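Novice: Go ahead and model the full structure; you've got the sequences and the hints to work with.
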Amino acid sequence: MFHATRNIEQTLSNIKRLLKTNGLLLLNEVTQKDPFTTMTFGLTEGWWLFDDHQLRIPGSPVLTEQSWQTVLESCGFHHVTSDSVLSDQQVSDSQRIMVAFSDGFNIKEIAKPAKEIEQPNTTIEYVHEIEETHPQLESEPIEMAKTDLKKHTINYVKDVFSKVL
Numbered sequence: 001m002f003h004a005t006r007n008i009e010q011t012l013s014n015i016k017r018l019l020k021t022n023g024l025l026l027l028n029e030v031t032q033k034d035p036f037t038t039m040t041f042g043l044t045e046g047w048w049l050f051d052d053h054q055l056r057i058p059g060s061p062v063l064t065e066q067s068w069q070t071v072l073e074s075c076g077f078h079h080v081t082s083d084s085v086l087s088d089q090q091v092s093d094s095q096r097i098m099v100a101f102s103d104g105f106n107i108k109e110i111a112k113p114a115k116e117i118e119q120p121n122t123t124i125e126y127v128h129e130i131e132e133t134h135p136q137l138e139s140e141p142i143e144m145a146k147t148d149l150k151k152h153t154i155n156y157v158k159d160v161f162s163k164v165l
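The sequence shown: position 32 = 32 (this note's numbering), numbered continuously.
Do not take every clue at face value.
Computed list of lysine-lysine pairs in BS3-like fashion (alpha-carbon distance at most 25 Å, straight line) [to be verified]:
#: 1; residue 1: K163; residue 2: K33
#: 2; residue 1: K163; residue 2: K150
#: 3; residue 1: K158; residue 2: K33
#: 4; residue 1: K151; residue 2: K33
#: 5; residue 1: K151; residue 2: K163
Quick caveat, the hints were computed from the structure, so don't treat them as lab data.
Quantities reported herein were computed from a predicted structural model and do not represent experimental measurements.
Specialist: Structure follows, in structure tokens:
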């Protein structure tokens, strides 16, 4: 649900501070503008509070899969991949599971009173010892369930609504 935040890069920076070098980030995100999702969550105030419009799909707070990959890499994550590379289906799903690993570096803004600010002053704070520079990760295929998750989810939601109504 990171798309439901004001600024994706700031959110990823905050999350990254919690991770060690090569710490795993697993995202389950909507990656396409969808009328059902917009009609459901678009009625909530928080859906529209983002301020990084250049990263979002126009008229929506969600990011495309490619935008997620780009912003994750620009925030210092590596080995970014998603379940779409493992899928043999030619279907365009509106939701993706993405995996990325932290490089262990955190950029911290140094705050100054507003009138003194001329240019951002940043420092790079290394989280771990120098010897721990991220070793080459061994890529192993990730096993994905053969269940059609979208169809399963739709059937589940229909079942819940039929019991309530």
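Novice: Evaluate each hint against the coordinates.
Specialist: Results of checking the hints against the structure:
no. : hint        : result
1   : K163 x K33  : violated, 29 Å
2   : K163 x K150 : holds, 20 Å
3   : K158 x K33  : holds, 21 Å
4   : K151 x K33  : holds, 18 Å
5   : K151 x K163 : holds, 19 Å
Of the numbered hints given earlier, the model fails hint 1 alone.
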